[in-house]
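Chemist: On the provided structure of chain A, position chain B with the ligands as indicated by the hints.
These protein sequences, in sequence, are chains A and B. For the first sequence, this note's numbering assigns the number 1 to the initial residue and increments by one for each residue that follows. For the second sequence, this note's numbering assigns the number 1 to the initial residue and increments by one for each residue that follows.
Keep in mind the hints are simulated off the structure, nothing from the lab. Even for Gly, the Cβ is constructed at its ideal location relative to N, Cα and C.
With beta-carbon atoms standing in for the labels, derived distance ranges:
1. Asp23/B / Glu350/A: 35 to 41 Å
2. Asp26/B / Thr200/A: 37 to 43 Å
3. Met1/B / Ser58/A: 28 to 34 Å
4. Thr222/A / Gln12/B: 36 to 42 Å
5. Asp28/B / Ala192/A: 28 to 34 Å
6. Pro41/B / Gly386/A: 22 to 28 Å
7. Gln12/B / Arg283/A: 25 to 31 Å
8. Pro310/A / Asp26/B: 32 to 38 Å
9. Gly141/A / Arg38/B: 43 to 49 Å
10. Arg38/B / His133/A: 37 to 43 Å
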Amino acid sequence: MSSTTVIVGSSIGGVRTAQSLRLEGYQGDIVLVGAESELPYDKPPLSKSVLAGTAQASSICLLTQEEADEARIQLVLGHTATGVDINNGLLELEGHEPIHFDNLVIATGAAARPSPWGERAGIHVLRSLDDAHRLRASLLGGGDLVVIGAGFIGAEAAATARSLGLTVTVIDPQTIPMSRIFNPEIGHWFGALHRDNGVTTIFGTGVDAIDGDQGAFSVHLTDGRVLSAATVLVGIGAVPNDAWLSSSGLLVDNGVVLDKYCRAVHAPSIYAVGDVARWHHPRHGEDIRIEHWTNAVEQAICVAYNITHPAEPREYSPVEYVWSDQYNWKIQIVGRVGNNAKHIVIGHPETHGRFAALYTKDGINLHGAATVNWPKALIACRRGMGTGITVAELRDALETQLTSQAMPVP
Amino acid sequence: MPVVTADLKACQGYANCVMAAPDYFDLDDDGNVVMIKREFPESERSRVTEAARSCPVSALTVSE
Ligand SMILES: Cc1cc2nc3c(=O)[nH]c(=O)nc-3n(C[C@H](O)[C@H](O)[C@H](O)COP(=O)(O)OP(=O)(O)OC[C@H]3O[C@@H](n4cnc5c(N)ncnc54)[C@H](O)[C@@H]3O)c2cc1C
Ligand code: SF4
Numbered sequence: 001m002s003s004t005t006v007i008v009g010s011s012i013g014g015v016r017t018a019q020s021l022r023l024e025g026y027q028g029d030i031v032l033v034g035a036e037s038e039l040p041y042d043k044p045p046l047s048k049s050v051l052a053g054t055a056q057a058s059s060i061c062l063l064t065q066e067e068a069d070e071a072r073i074q075l076v077l078g079h080t081a082t083g084v085d086i087n088n089g090l091l092e093l094e095g096h097e098p099i100h101f102d103n104l105v106i107a108t109g110a111a112a113r114p115s116p117w118g119e120r121a122g123i124h125v126l127r128s129l130d131d132a133h134r135l136r137a138s139l140l141g142g143g144d145l146v147v148i149g150a151g152f153i154g155a156e157a158a159a160t161a162r163s164l165g166l167t168v169t170v171i172d173p174q175t176i177p178m179s180r181i182f183n184p185e186i187g188h189w190f191g192a193l194h195r196d197n198g199v200t201t202i203f204g205t206g207v208d209a210i211d212g213d214q215g216a217f218s219v220h221l222t223d224g225r226v227l228s229a230a231t232v233l234v235g236i237g238a239v240p241n242d243a244w245l246s247s248s249g250l251l252v253d254n255g256v257v258l259d260k261y262c263r264a265v266h267a268p269s270i271y272a273v274g275d276v277a278r279w280h281h282p283r284h285g286e287d288i289r290i291e292h293w294t295n296a297v298e299q300a301i302c303v304a305y306n307i308t309h310p311a312e313p314r315e316y317s318p319v320e321y322v323w324s325d326q327y328n329w330k331i332q333i334v335g336r337v338g339n340n341a342k343h344i345v346i347g348h349p350e351t352h353g354r355f356a357a358l359y360t361k362d363g364i365n366l367h368g369a370a371t372v373n374w375p376k377a378l379i380a381c382r383r384g385m386g387t388g389i390t391v392a393e394l395r396d397a398l399e400t401q402l403t404s405q406a407m408p409v410p
Numbered sequence: 001m002p003v004v005t006a007d008l009k010a011c012q013g014y015a016n017c018v019m020a021a022p023d024y025f026d027l028d029d030d031g032n033v034v035m036i037k038r039e040f041p042e043s044e045r046s047r048v049t050e051a052a053r054s055c056p057v058s059a060l061t062v063s064e
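One chain only, chain A, in its complex shape (with noise of 0.2 Å):
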């Protein structure tokens, strides 16, 4: 009798893990099912291209009917998953029959933290291909746009509208941006970076609320401040989608919990994947979830790998990679940065144009990394991080680079 692996989630997480399940030699039937009608597309395009207009649905799409079919991936899609039976291996769903699984994965990733000031037309998120949309639509009706939380996808949308020729302030109640990653130093460059590219940026505080309506919202802040806004988005994070497993039996606590090989703790034929996922990093000793397109690939092709081997699992290790488009700036950042974690800074975005920040816990192994416009450090790093590469050798021959190939400021 041929099994059935039902994949619940049909973005880069859930597709990935069809696509190497097939790639694995897995013979059994593949369902993948998604809450939105749409084919699978990609994310990290919503910020940067899709919002600026440069790029079309098609080019952003994961997997066409074509390519599902070729695979024999069944695609479900236009149906919210509602919950799990997993004694009799059932996935509810609304409108539509439950689906008989063998193996279950979980792929259902993350949604926009809500917006507190209340949510209604101009005021906006941005997670799906919808929610671009909207939002490119408010930014082409021109006026200033208000930016509320200075994080990735902030700063990207930021800098986007900046590039159509908005006005664009952005509000963030930490002082220093992005130093929830990374150390202050290089968070008041982020902070410059906006400044010089025309953003007024308003950092250390918060806001109260929004009154009035789209065209017209007045923006209040905690410092008692008013700033006027035809657009606002808000953009404080996201919450795994997990609510929909609270009846289910299976452990969530912000995010599925899962062993060290992505197997639902108490329930092995059920996994998860991506931005929903909270597995134990057997390197890092601890339960982490990672919002980030790259693990999602990665622990795809693990959870695939595990589920055509159950025998011999596979621990799911990886370093931490992350990208961001800002502006002129191409961020790239490995392994754990910022916190308590010493750095050290070789280049500077003035007089190089590029730089590398380098951290470490115990003074004198690497254990994350940070590089602005400069590819080969970032590789040095990302290689360093697997083979354990002390600070001070990668100092030098990063050194070396930056002073051997002088580089145009872009």
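Modeler: Just chain B with the ligands now, kept in the frame of chain A:
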């Protein structure tokens, strides 16, 4: 033999391919992917295809 090809205009230097299969891909100083080899044996299909699919901008294509 199957081959993997790169679209240099699309490549953004994210280096995911280099991490996944360093014996096939490298980066030059400008952050463009450099192909070390294009052809691969059937036994390498899974690894090379996963590396190509790890490219965030779909700059790598596997063909027969
Ligand atoms: C605007 C934007 C820009 C980004 N830029 C970058 C970047 O530059 N670099 C980077 O590394 N990462 C970036 N990310 C993060 C990256 O896109 C995510 O980490 C990645 O999309 C996670 O993939 P996923 O498949 O786990 O979840 P998601 O992409 O969140 O997909 C989950 C899917 O599941 C569906 N779903 C949810 N609940 C249900 C249900 N109950 N039933 C059925 N289907 C359901 C959703 O509709 C969705 O299609 C960005 C994200 C956004 C939103
Ligand atoms: S993963 Fe893609 S974008 Fe990155 S270096 Fe390789 S080909 Fe270029």
